[in-house]
Amino acid sequence: MSLETGQYYIISAEGGFPIGRNSREDRSLNPKGIFRLPEGTESVWDVEKLPNGNYTLKNRGAIVGGTAGAGVFAYLIPDQATGPVTTEWKFIFDERRANEGTPFLITEALTGGSNGWVVPPSDDDESYPGSQPAPVLPPNQVFFFKKVDA
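Going left to right, the sequence shown walks through residues 1 to 150 as the numbering used here numbers them.
Be aware that one or more of the hints could be misleading.
What the hints assert, rightly or not - Derived BS3-like pairs: lysine-lysine, alpha-carbon spacing no greater than 27 Å straight-line: (1) 32 with 147; (2) 146 with 49; (3) 58 with 146; (4) 32 with 58; (5) 49 with 32; (6) 146 with 32; (7) 147 with 58; (8) 147 with 49.
Calculated directly from the structure, the hints in this document are not laboratory data.
Work the whole structure out from these sequences, hints included.
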């Protein structure tokens with residue numbers, strides 16, 4: 001299963017938390033963190049399916065990239081997302097959770113999917129998704145994509 005280009009909400013399988021940028025950000029042009037948001041909030045993502053089957057993600061208009069072990073960030077200036085920063089993602093469908101929605105692991109395409117998004121265990125609202133070896137498929141590494149109604 002794959003996703004088509006469009007707008008989606010991304011929701012963590014662990015706890016059902018929305019994923020996105022914080023509503024309170026500094027005014028700098030530095031990269032902005034991607035967080036596990038409080039329940040009851042929403043964050044719209046632009047998902048673009050590439051000809052090679054991989055994806056790019058944007059949140060609030062900014063390209064989203066990550067570096068293994070450093071977290072996932074929205075880059076307001078695209079030139080900042082260079083070097084070791086991955087901005088091309090591979091989605092791995094989680095068949096075990098298919099009856100719950102459209103579940104995927106989000107992994108770094110350039111590493112062959114060896115590192116993927118993970119929501120760290122935390123009682124804090126707005127914890128960062130990080131990047132760690134994948135795929136293991138626990139709930140904190142699986143994300144549901146819900147299409148935004150047109």
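Does the structure break any of the earlier hints, and which numbers would those be?
none
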